[in-house]
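J.: Residue numbers (the numbering used here), protein chains in the order written: chain A, 1 to 351; chain B, 1 to 351; chain C, 1 to 351.
Quick caveat, the hints were computed from the structure, so don't treat them as lab data. Hints are supplied without guarantee of correctness; some may be wrong.
You can't tell identical chains apart in this list, so a pair holds if it fits in one copy or across any two.
[Unchecked claim] In silico SDA-like cross-links for lysine to any residue, where the CA-CA straight-line distance does not exceed 25 angstroms: (1) LYS326 / PHE338; (2) LYS253 / ALA193; (3) LYS274 / PRO320; (4) LYS253 / THR37; (5) LYS118 / VAL99; (6) LYS326 / GLY310; (7) LYS69 / HIS287; (8) LYS253 / ASP56; (9) LYS253 / VAL235; (10) LYS69 / GLY200; (11) LYS274 / ARG293; (12) LYS69 / ALA104; (13) LYS326 / GLY106; (14) LYS274 / SER39; (15) LYS253 / GLY310; (16) LYS253 / SER60; (17) LYS253 / PHE196; (18) LYS274 / PHE14; (19) LYS326 / ALA343; (20) LYS326 / HIS207; (21) LYS253 / ALA52; (22) LYS253 / LEU100; (23) LYS253 / VAL99.
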Amino acid sequence: MQSCFTLADIAERFSLRLQGRAGVSVNSETSVNGLATLSSASRTNISFFANAAYRDQLQSTNAAAVILKANAIEDCPVACLVSDNPYLAYAKISALFDVLPAGAPGIHPTAVVDASAKIAESACIGPHCVISADAVIADNVVIGAGSYIGDACQIGANTYLHARVTIYHGVSIGESVIIHSGAVIGSDGFGFAPDFSQGGTGWCKIHQLGGVVIGNRVEIGANTCIDRGALDDTVIGDGVIIDNLVQIAHNVKIGDNTAIAACTGIAGSAEIGKNCTIAGAVGIVGHIRIADRVHITAKSLVTGSINNSGSYSSGTALSPTPAWRKSAVRFSQLDSLFQRVRALESNRTNS
Amino acid sequence: MQSCFTLADIAERFSLRLQGRAGVSVNSETSVNGLATLSSASRTNISFFANAAYRDQLQSTNAAAVILKANAIEDCPVACLVSDNPYLAYAKISALFDVLPAGAPGIHPTAVVDASAKIAESACIGPHCVISADAVIADNVVIGAGSYIGDACQIGANTYLHARVTIYHGVSIGESVIIHSGAVIGSDGFGFAPDFSQGGTGWCKIHQLGGVVIGNRVEIGANTCIDRGALDDTVIGDGVIIDNLVQIAHNVKIGDNTAIAACTGIAGSAEIGKNCTIAGAVGIVGHIRIADRVHITAKSLVTGSINNSGSYSSGTALSPTPAWRKSAVRFSQLDSLFQRVRALESNRTNS
Amino acid sequence: MQSCFTLADIAERFSLRLQGRAGVSVNSETSVNGLATLSSASRTNISFFANAAYRDQLQSTNAAAVILKANAIEDCPVACLVSDNPYLAYAKISALFDVLPAGAPGIHPTAVVDASAKIAESACIGPHCVISADAVIADNVVIGAGSYIGDACQIGANTYLHARVTIYHGVSIGESVIIHSGAVIGSDGFGFAPDFSQGGTGWCKIHQLGGVVIGNRVEIGANTCIDRGALDDTVIGDGVIIDNLVQIAHNVKIGDNTAIAACTGIAGSAEIGKNCTIAGAVGIVGHIRIADRVHITAKSLVTGSINNSGSYSSGTALSPTPAWRKSAVRFSQLDSLFQRVRALESNRTNS
Numbered sequence: 001m002q003s004c005f006t007l008a009d010i011a012e013r014f015s016l017r018l019q020g021r022a023g024v025s026v027n028s029e030t031s032v033n034g035l036a037t038l039s040s041a042s043r044t045n046i047s048f049f050a051n052a053a054y055r056d057q058l059q060s061t062n063a064a065a066v067i068l069k070a071n072a073i074e075d076c077p078v079a080c081l082v083s084d085n086p087y088l089a090y091a092k093i094s095a096l097f098d099v100l101p102a103g104a105p106g107i108h109p110t111a112v113v114d115a116s117a118k119i120a121e122s123a124c125i126g127p128h129c130v131i132s133a134d135a136v137i138a139d140n141v142v143i144g145a146g147s148y149i150g151d152a153c154q155i156g157a158n159t160y161l162h163a164r165v166t167i168y169h170g171v172s173i174g175e176s177v178i179i180h181s182g183a184v185i186g187s188d189g190f191g192f193a194p195d196f197s198q199g200g201t202g203w204c205k206i207h208q209l210g211g212v213v214i215g216n217r218v219e220i221g222a223n224t225c226i227d228r229g230a231l232d233d234t235v236i237g238d239g240v241i242i243d244n245l246v247q248i249a250h251n252v253k254i255g256d257n258t259a260i261a262a263c264t265g266i267a268g269s270a271e272i273g274k275n276c277t278i279a280g281a282v283g284i285v286g287h288i289r290i291a292d293r294v295h296i297t298a299k300s301l302v303t304g305s306i307n308n309s310g311s312y313s314s315g316t317a318l319s320p321t322p323a324w325r326k327s328a329v330r331f332s333q334l335d336s337l338f339q340r341v342r343a344l345e346s347n348r349t350n351s
Numbered sequence: 001m002q003s004c005f006t007l008a009d010i011a012e013r014f015s016l017r018l019q020g021r022a023g024v025s026v027n028s029e030t031s032v033n034g035l036a037t038l039s040s041a042s043r044t045n046i047s048f049f050a051n052a053a054y055r056d057q058l059q060s061t062n063a064a065a066v067i068l069k070a071n072a073i074e075d076c077p078v079a080c081l082v083s084d085n086p087y088l089a090y091a092k093i094s095a096l097f098d099v100l101p102a103g104a105p106g107i108h109p110t111a112v113v114d115a116s117a118k119i120a121e122s123a124c125i126g127p128h129c130v131i132s133a134d135a136v137i138a139d140n141v142v143i144g145a146g147s148y149i150g151d152a153c154q155i156g157a158n159t160y161l162h163a164r165v166t167i168y169h170g171v172s173i174g175e176s177v178i179i180h181s182g183a184v185i186g187s188d189g190f191g192f193a194p195d196f197s198q199g200g201t202g203w204c205k206i207h208q209l210g211g212v213v214i215g216n217r218v219e220i221g222a223n224t225c226i227d228r229g230a231l232d233d234t235v236i237g238d239g240v241i242i243d244n245l246v247q248i249a250h251n252v253k254i255g256d257n258t259a260i261a262a263c264t265g266i267a268g269s270a271e272i273g274k275n276c277t278i279a280g281a282v283g284i285v286g287h288i289r290i291a292d293r294v295h296i297t298a299k300s301l302v303t304g305s306i307n308n309s310g311s312y313s314s315g316t317a318l319s320p321t322p323a324w325r326k327s328a329v330r331f332s333q334l335d336s337l338f339q340r341v342r343a344l345e346s347n348r349t350n351s
Numbered sequence: 001m002q003s004c005f006t007l008a009d010i011a012e013r014f015s016l017r018l019q020g021r022a023g024v025s026v027n028s029e030t031s032v033n034g035l036a037t038l039s040s041a042s043r044t045n046i047s048f049f050a051n052a053a054y055r056d057q058l059q060s061t062n063a064a065a066v067i068l069k070a071n072a073i074e075d076c077p078v079a080c081l082v083s084d085n086p087y088l089a090y091a092k093i094s095a096l097f098d099v100l101p102a103g104a105p106g107i108h109p110t111a112v113v114d115a116s117a118k119i120a121e122s123a124c125i126g127p128h129c130v131i132s133a134d135a136v137i138a139d140n141v142v143i144g145a146g147s148y149i150g151d152a153c154q155i156g157a158n159t160y161l162h163a164r165v166t167i168y169h170g171v172s173i174g175e176s177v178i179i180h181s182g183a184v185i186g187s188d189g190f191g192f193a194p195d196f197s198q199g200g201t202g203w204c205k206i207h208q209l210g211g212v213v214i215g216n217r218v219e220i221g222a223n224t225c226i227d228r229g230a231l232d233d234t235v236i237g238d239g240v241i242i243d244n245l246v247q248i249a250h251n252v253k254i255g256d257n258t259a260i261a262a263c264t265g266i267a268g269s270a271e272i273g274k275n276c277t278i279a280g281a282v283g284i285v286g287h288i289r290i291a292d293r294v295h296i297t298a299k300s301l302v303t304g305s306i307n308n309s310g311s312y313s314s315g316t317a318l319s320p321t322p323a324w325r326k327s328a329v330r331f332s333q334l335d336s337l338f339q340r341v342r343a344l345e346s347n348r349t350n351s
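Bound conformation, chain A alone (with noise of 0.2 angstroms):
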């Protein structure tokens, strides 16, 4: 991959406008290497002022250019690449300058493929993967070390997974899905059947046999789980986002564009809208639906169907632990608390 660029490709390249405030002379063949944050950027690469909280360092930066919009121009030193969404430009560049190595078509001679797998020749089968029966890999997908691909799946083009992923049979992966290692797609849904009665064998296991479908442009986190359906599929959507150490449980339908931050977990036949999001270590109970545009804050527990798009939020702010005691045997006796003031209330009113 290229690892140098001029100013001038670079405003090219992502429609950019190269200039400078009076007094700052810019050298559109200024070359540079990488990108960094204000403060810590050299000579050689590219920032970019997204948050008014760090105009400070805008006006002592010593980057090569950054990447700002018009009205901040006159308080950035070097060259600007001027845009009207810096942040979002900031991410397509940043694709220029990854040194994720990319996988050399082919299969590695530790792999084990079956025989019936129907596999791209443009596409990587890292060391020590596993490609069962069926199995169908399609263009310039990328299968990391370690990896097992269970029977029958589908993996779209131009997906990658990272090293030591886990893709039990029939699960459906779109194109341009991102995988991160440990990631495990289709175990069972923790499904069982009471069976406690006398003679009865406890719990009964319920064979999971639907499958998982994940749609395009999905990202899923590092050892996040994700069970394949009871009898249905669980399903997500395009676009869906998904962070690191997440459960998505047997029958959860995620919609499209969805983002879901670390450590939540979502119950079984959970149905989530578009474009929600859902922040970190959030709890979502079973057989519910929340609606498109619904954003939950961190750690709280959904208990209930959400119809309405808005913001939703439970939970306690944090205390010294001293007074937050007293606070917590104070909620104990809450509705006690209510009733003697609606007793004083009465008192006032009768009195």
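Assemble the complex: chain A is given as a structure, and chains B and C must be docked to it using the hints.
T.: Then chains B and C, alone, in the frame of chain A:
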């Protein structure tokens, strides 16, 4: 595995009564090839009716037959498989249609097996597995691709490890256990002695010398962790079912038939009784005891022993974020509010 | 590893005083082969007494010897190994009896090692490992079976990776670090720029160009994830200990000797001080700072910076579910209750 059965087969294998309401002709030779929900079932599928909320779907199902209680026969437009416990019957039948690949007996040539390991001839050791010294693998065990079995582990008959499971040294696993991908059994407990005096080494590791003992008919979810004991063993009873991404710390003991949902964490030396149900994302602190038949609701924190069976909860309800913010601020002021109410009450009494 | 020691050996190696109370004869040549709790210790085990709650067990122990403070000698029926800090002495002695298999130096023939990687002769590279280009593996490092080491990683001397660890490219790990199975270090941070305007691409991935720098004497638990930085590095200080299933997001900085228990999640760019203790299942939001010597209790959510050392909590106490339901409903009505109390107070004042 056979994948087609007649309704007569199904009825006989699972002791169900095949019949139809008046006017519905039942052909006991009808062939079925799968299970499906009432709404998605085709004419070659069986479905089940175990929740009155789906009565509408029952009345319009296209299934070949529906498993149901006798009192629902009149609502069923197709053949009925009558059971006292339709949900349990469904669970048992689900095993018939599972397409999980069975492991063929034998050791894959890419597996690395220590010469001192004892592996039953009927066991299946998948590609890229490692079986360490003195491990004992019993009849019909399947060790999925890429799994690691440490020194001197014992794995009981009919146990099934999916791909990429890690079992540290000295772990004992019972019979008919299922362990999902990414699970780690026998990792070190989080034990350290502080040594921050002058010349100290900081956190001094307490080497974890105990093991893990897992009973029979246990299921362990994907990416779940069960730590080895510090001195004695961590113990998981018979029939325990554990979901994905659960943390079980060193020296925890889980009683028989307890169920633990995803994202729950149980701290060191906690003892959980039998037949408990721990919902998702629960936290249980260390060194406490929980009685038999205790139910903990989702995302609760258990900070002390629970001596009586029953259901327990903590946390607050979900609200729109602006309203929640007000409540959260008020929570911190609860103790002073109680004092104000007491003052009002005392004033009323005195006046 | 030697597995038998005389009491005299132990006393000398760990600077303990071997003695007995009046009437207890001490044989310094007694041979011991393990550590055990006071109640389960046999006559060939050492035990320790560090918690007064176990005095009864001390008085009836069958251990060969007990590590204890001088003031407990009179309660001990067997030989004493006297220490000012018995718990620390126990921790140090535990290393003697660990049966964790040491790795034999050398590269397993099934490992796939890039020709440009530099691997010390004393290092042990296990079966089915992958060591990528330009990786540097120092003396006495053990890389457990099935682990993946990305391009240009550096792994310091005496570091031990258990089976199936994943290290992405460009990660630097210090000396004497322990990483447990399933941990993923260097996965992409969860960074995306929204691009939902017409013709936009949805969540535009911000390629994560930073690395991860891990200090010396760090321990990282099973299935824990540490993301690489967006531009700068994610940094874990010396002596930090991290339990299982912890999420550490991009650009987090953890100060030296901080301890983080299982199931905790720390969001992007949070900076945690030195010598903090973060209990289990804590959530810490992004872009905040926590001072040194802060303690956060289990399952708390930290939503802002903490500038002073001390203990902090959030959440509510556990209650029986019916009582909890009432409190939870009342929580949502708190703001109005405060207004009602204010009205009562104002009424009293006015009357």
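J.: Each hint: holds or not?
T.: Against the structure, the hints:
{"no.": "1", "hint": "LYS326 / PHE338", "verdict": "both (17 angstroms within a copy, 11 angstroms between copies)"}
{"no.": "2", "hint": "LYS253 / ALA193", "verdict": "both (23 angstroms within a copy, 24 angstroms between copies)"}
{"no.": "3", "hint": "LYS274 / PRO320", "verdict": "between (38 angstroms within a copy, 19 angstroms between copies)"}
{"no.": "4", "hint": "LYS253 / THR37", "verdict": "between (37 angstroms within a copy, 16 angstroms between copies)"}
{"no.": "5", "hint": "LYS118 / VAL99", "verdict": "between (29 angstroms within a copy, 20 angstroms between copies)"}
{"no.": "6", "hint": "LYS326 / GLY310", "verdict": "between (32 angstroms within a copy, 17 angstroms between copies)"}
{"no.": "7", "hint": "LYS69 / HIS287", "verdict": "between (45 angstroms within a copy, 23 angstroms between copies)"}
{"no.": "8", "hint": "LYS253 / ASP56", "verdict": "between (45 angstroms within a copy, 22 angstroms between copies)"}
{"no.": "9", "hint": "LYS253 / VAL235", "verdict": "within (5 angstroms within a copy, 35 angstroms between copies)"}
{"no.": "10", "hint": "LYS69 / GLY200", "verdict": "between (69 angstroms within a copy, 19 angstroms between copies)"}
{"no.": "11", "hint": "LYS274 / ARG293", "verdict": "within (6 angstroms within a copy, 39 angstroms between copies)"}
{"no.": "12", "hint": "LYS69 / ALA104", "verdict": "neither (39 angstroms within a copy, 58 angstroms between copies)"}
{"no.": "13", "hint": "LYS326 / GLY106", "verdict": "neither (64 angstroms within a copy, 59 angstroms between copies)"}
{"no.": "14", "hint": "LYS274 / SER39", "verdict": "between (37 angstroms within a copy, 24 angstroms between copies)"}
{"no.": "15", "hint": "LYS253 / GLY310", "verdict": "within (20 angstroms within a copy, 32 angstroms between copies)"}
{"no.": "16", "hint": "LYS253 / SER60", "verdict": "between (48 angstroms within a copy, 24 angstroms between copies)"}
{"no.": "17", "hint": "LYS253 / PHE196", "verdict": "between (32 angstroms within a copy, 21 angstroms between copies)"}
{"no.": "18", "hint": "LYS274 / PHE14", "verdict": "neither (29 angstroms within a copy, 42 angstroms between copies)"}
{"no.": "19", "hint": "LYS326 / ALA343", "verdict": "both (24 angstroms within a copy, 18 angstroms between copies)"}
{"no.": "20", "hint": "LYS326 / HIS207", "verdict": "neither (48 angstroms within a copy, 38 angstroms between copies)"}
{"no.": "21", "hint": "LYS253 / ALA52", "verdict": "between (38 angstroms within a copy, 23 angstroms between copies)"}
{"no.": "22", "hint": "LYS253 / LEU100", "verdict": "between (31 angstroms within a copy, 23 angstroms between copies)"}
{"no.": "23", "hint": "LYS253 / VAL99", "verdict": "between (34 angstroms within a copy, 23 angstroms between copies)"}
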